[in-house]
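K.L.:
Order-wise, the sequence lines are chains U and D.
For reference, each letter of the first sequence is one residue, going 138 to 640 in this note's numbering.
For reference, each letter of the second sequence is one residue, going 685 to 938 in this note's numbering.
Treat the hints with care, since some could be wrong.
[Unchecked claim] Chain D side only, calculated, beta carbon under 7 Å to chain U, not exhaustive:
#1 L699
#2 R700
#3 L761
#4 D762
#5 V801
[What the hints assert, rightly or not] Every beta carbon over 10 Å from chain D, so not counted as near; a handful from chain U, in silico:
#6 R163
#7 K170
#8 E259
#9 E361
#10 E461
#11 E570
#12 W603
Honestly, the hints are just simulated from the structure, not real lab data.
Where a beta carbon is used, it is the ideal one built from N, C-alpha and C, also for glycine.
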Amino acid sequence: MKERYLAAIDQGTASSRCLVFDRSGRIVAVAQKEHRQLFPRPGWVEHDPLEIWANVEEVVRRCLAQARLEPSDLVAIGIANQRETTLVWERESGRPVYNAINWQDTRTDQFVRALAADVGQEAFRERSGLPAANYFSGPKIRWLLDAVPGLRRRAQRGEVLFGTIDSWLIWRLTGAHLTDVTNASRTLLMNLRTLDWDEELLEVLGVPRAMLPEIRPSAEVYGEARGQLAGIPVSAALGDQQAALFGQTCFDSGEAKCTYGTGSFLLMNTGAQPVLSSAGLLTTPCCQIAGQPPSFALEGSIAVTGALVQWFRDNLNLISSAPEIETLARTVEDNGGCYFVPAFSGLFAPHWRSDARGVIAGLTSYITKGHLARAVLEATAWQTREVLDAMVSDAGISLGELRVDGGMTANNLLMQFLADVLDVVVVRPIVAETVSLGAAYAAGLAIGFWPDTDALRSNWHIAARWRPAMEPERRERGYRKWRKAVARAIDWVDEDDREEDGR
Amino acid sequence: MPRQIQSIERAAAILRLLSGRTQRLGVVELAGELDLPKGTVHGLLRTLQHVGFVEQDPVSGKYQLGAALLHMGSSYLDGNELRKRALNWADSLAARTQEAVRIGTLHDARVLIVHHVFRPDDSFQVLDVGALLPAHATALGKALLAHHPYVASELAKQGFESFTAATITDLEQLERELRRVRERGWATELGELTPDQVSCAAPIFDRLGGCVGAIAIFGSPERLLTARQPRRELLAYVREAAGAISRELGAIPW
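Okay, chain D solo, but in the shape it has when bound (with noise of 0.2 Å):
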């Protein structure tokens, strides 16, 4: 029988103790459990720490399970299961917007289209649901990856592809653009996949608060720019549409 990794073992038997806990455990308490040194505690709960998956409360010094943990649980939802859940807002977004909608979800640090609406203007266009799409040179991939911590650096190790001239390449540069996603709530693509499609997304939260999926328009840069900047009330309709549909799910509005 192949040997387990010890650390590992002894990380995940700390993260049990503090999910089966309603109150905060200490180094001593945690160690008292799992019969093991104080010292070889502390150090795993640095390194726990580290990665997300436990904080530490600033008053009492003891230990919780982190946000990024929870997080990384409860963001997981069926992709079929959102198309169904968003379908209604996706079909308004595009009749509101007149352009082409697309719902991504995070799938192996790309984006997967789970959901695609036509632009309403009854041209000639191609279903693309199941389609994968670089997280790093798309909208939808932004919004994603501003709300999943270290997906960013392990999608660096691989290297960023470049499509076009304005294609982010540079790990600094990406996490730079992720805090302004963060702080906005919207994050945009700018030639960055293809020359001449702009895209607008915004991230689609879940009942505990998790990033289940984002929602994106697709057009062209004389539509939905303005001043090559996204025109504000597209923005503010793709947000309206996220926020409804994270409300569907049981997202607490804000």
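Same shape as in the complex, but just chain U (with noise of 0.2 Å):
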């Protein structure tokens, strides 16, 4: 019998990537390209549209002739998607009518705290599972059809459409306009009970509903593609956390995952209920399989974990490359007393202060840029702990091991301090790339590639393994800094800067 493959697209934050597996979920091939990261103005972060749909082709392309295959060896194509970031295109031509606003962006700041202001947060979670942010799709949605003339016509008439980029690839595919129900839970427009828009959710923000796709379970066959990959059914669309979260095989109530890459996840699987947090973490569905009750999640964002690596390769050039943060962090013993907070975009979980900006807290003449290498890997390890201690509150369950994917998981420096500070195991399966195969797997269980969950669970090894190893009291001391720290980060931003930033 012949060997078939499955496609996942994973259309990150950084960059586009296509992996083909096969029916074992062992990768067969990779190809990847980055896309700009646009920053117009101080706290705005933008992608061209285009480029990224032009990259998508190019890596299916390179992909299939690195893995020596044809399309039609493909039995189904997944997607999973940097979710949150918001385009508006035309109708009839395809064109964007801007740059994709990204999740990272902060323009609509002001009018998220008058909403919040106005409303009040309860009123937003109840409904939709997350507090009135700057990250959701609903808000830049409203700032498009404020800020570009005539557009709120046009989109109440439906000639242009609404997509978070999963539409987007999914419009371009097929040409059908939809969406899954874990990307539209990210908008802040979705009814977390109902899995439909709501209706005073759109009126709040002032979205009209003309505009918005269909939204669909997440396994399921969308319609088949054009152009290179005619014919193969585009059968999955995930939000990657959720992608994620699915690839590590976290079926069940009370399995979490943590994912590391430009920003990092923390999310946990609480079952066919939604459990409500009251200690800064969002409500979010699962996976839903096409005539399956959906289940639902908690969820730990944390906006900058990665990028600060990016950041400090790209903006300070004290490394060349990603990986050299950890040779650069192993020159010294700790951070010198030194803690970097990288509220880049304000702080997201578990305290969502978007007056929050960066910090670097801690400096004395001794500090060098080995401690400055390792405060920036440690705030993510920190990071974290925040959110699993929210998340352990919230859930009533203390987390046995923690299961990581992501590229920063390559950083052993970096998943040692993890394991140190959250006391923890911290394990990393086979197959690291679990936001792919996350897709992949939801594409092929919507064909029936694979019968069941089951059938993917013998497929989850574990690669490597984390011992906690640190004494308590240098954990305890080490948190008292960071939380100092953060601190520091919280009550920065004026009115005065909000005027600048956000016209």
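Quick one: dock chain against chain with the hints and give me the complex.
P.N.:
Structure below.
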């Protein structure tokens, strides 16, 4: 019998990738291409949607060539994407009306604060599982409708379409305008219980329904692709973090993973009922398989982790490649007393302070670039600690082990420090590419390539394990200093900063 | 101020001259540039040729930088960078062979483990990234030594420690083995470090053809050997992984 494969498109914050997987969930080929990060003003982050689409087409082509496969060898395509990033394009011409506004963008700060003051965060959480924050698509759509002349009228008439990146890719691949529940849930416009657009949220945010995509399950045949993948079913779309949860086979309540990429995202499956958070976490759907009820998760989103290493490389030029951060950090024994709080887009979970900005605290003349490199890595671990504490408090479950994935898991120094400050065993699976794997799994389940999720569990194997090895006093002291540094990052942005940034 | 060693300074000057030109240079030209007697320059070139830093073109008789020197400069790759680039392939190799995988680089004539993937049977294993292994007694080490001339003979001066009855402790035997490794493109370790461990390794090359590391699987003789030789499909997987990582680093596939 001829071997068949699945293709996953992982359209991330920093780059677009295509991966081809076989039936055992092994990677056959990978192709990747970075796209430009555009920073038109401080706090503004954009991507060019046409560049992203061109890159996706290119990496698909290169990946198939590398695997020496024809499109006909593929049984299905799954999509995983950076969430919340917002774009609007013309239905007729396919032309974007503006760049894609990235999830890290903070231009909607003032609007969001006004929303929270008027309506109250509780109301948003109750309906959508999310607080009103810059992060989510809804406020960004509103900004576009206000900022681009004539756009609101065209949106009301359905002449322009909104989408997160999954919608953009599915539209370009199949011509259908739709999204999945996990992506829709990041707009601040979707009702968590009905899994449909919420009339009241649409009203409060001032977004016309006509521009919105249809909300579908995460694993379902959406249509057939056109172009180079002509005829191949597109049968899954998942926000990247939910894809990773799926790829890590966290199918049951209490199973959790943290993905370490540009940002880091700790997600714990909480089962069939949504658990609302009182400790600053988000409630969000997991992958919904067509014909089955959805499951939900608690999510702690950390905006800046790997992005800090990239900043260190690209803005400070203290390293010439991202992995060198570990080499530099290992030139010293510890952080020398300095702590780096990378609140570049404000603080996300669990604080949700959009008025925070980055801070390096504890500097003395002793500090070298090695110590700074350490502080850069440690920031990821301490932010995880804060989020894990909140999750344990909300879910009432303590974690036995943390499954990790994503690019930064290649960094052994970081992984050991993470185990140390969490005081939890950290494990990495073979195939750290859980985002793409999750999309491939979902796509495969949708067309019956695998019978059920049990078949997928048997593919999960441990590749590495880090055990906590730090003395409790040292951990407590470090956490205390971290929290002091966080306190110094908060309450930074003033009214007149916002006036300059926001318009 | 301490006095410098004159012949090294002069050798360095020759190397700089050769690296700065696109054409080969002859003794006369070099002697003219350095303002040294031809005989002196000729003597320096002979020794530089002996250690592989300079090569003489048989047709013109002129000199150029030698391969060993080029490889020395370019064969360093930060271990963390190597791990990052190789990670997916290392995981894939572990999944396909169902054995533990390690990637090593040459560090002070020993093998530094820069990456370790557990055997995917969910058994208890300890991560040993950062460990230093003997180069003469491991497949990783042999794969690395085979592509770093002179390191084996440097090692021999310290003597080769014997770990098991099978450990190679003789330089000539090692060099024969390294020649075989170069010819075949892979290296093995059959109970030479610990009695019940077998390993198969292949070298990883970078864009300039320098050997920047090696990747190996590790397991028991029962699983890795058939008729006391490494199973061919396992060797093929190891070589494919090494080839894929090399391509990732820009090496031209062959």
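K.L.:
Would you check whether D/D762 satisfies its interface hint, that is, whether its CB is within less than 7 Å of any CB in chain U?
P.N.:
The hint holds - D/D762 has a Cβ within 7 Å of chain U, the shortest such distance being about 5 Å.
K.L.:
With 10 Å as the threshold, tell me whether U/R163 passes as away from chain D on beta-carbon distances.
P.N.:
violated, 5 Å
K.L.:
Could you check if D/L761 really has its C-beta closer than 7 Å to a C-beta on chain U?
P.N.:
violated, 10 Å
K.L.:
Under 7 Å is the threshold here; is the Cβ of D/V801 close enough to any Cβ of chain U for the hint to stand?
P.N.:
Since the shortest Cβ distance to chain U is 5 Å, the answer is holds.
K.L.:
Checking a non-interface call: every C-beta of chain D should be farther than 10 Å from the C-beta of U/E570. Is that right?
P.N.:
violated, 7 Å
K.L.:
So, D/L699 near chain U? Judge it on the closest CB pair being under 7 Å.
P.N.:
violated, 25 Å
K.L.:
Say whether it holds or is violated: U/E259 keeps its Cβ farther than 10 Å from all Cβ of chain D.
P.N.:
Fine: 43 Å to the nearest Cβ keeps U/E259 off the interface.
K.L.:
Regarding the hint that D/R700 lies at the interface with chain U, is the smallest CB-CB distance below 7 Å?
P.N.:
violated, 25 Å
K.L.:
Is U/K170 truly not at the interface, in the sense that its beta carbon sits beyond 10 Å from all beta carbons of chain D?
P.N.:
Label holds. Min Cβ-Cβ 14 Å, cutoff 10 Å.
K.L.:
Can we confirm that no CB of chain D comes within 10 Å of the CB of U/E361?
P.N.:
Since the minimum Cβ distance to chain D is about 29 Å, U/E361 lies beyond 10 Å and the statement holds.
K.L.:
Please confirm whether U/W603 is truly not at the interface, meaning its C-beta sits more than 10 Å away from all C-beta atoms of chain D.
P.N.:
violated, 7 Å
K.L.:
The output says U/E461 does not contact chain D. Does that hold with a beta carbon cutoff of 10 Å?
P.N.:
violated, 6 Å
Consistency note: the structure conflicts with the earlier hints numbered 1, 2, 3, 6, 10, 11, 12.
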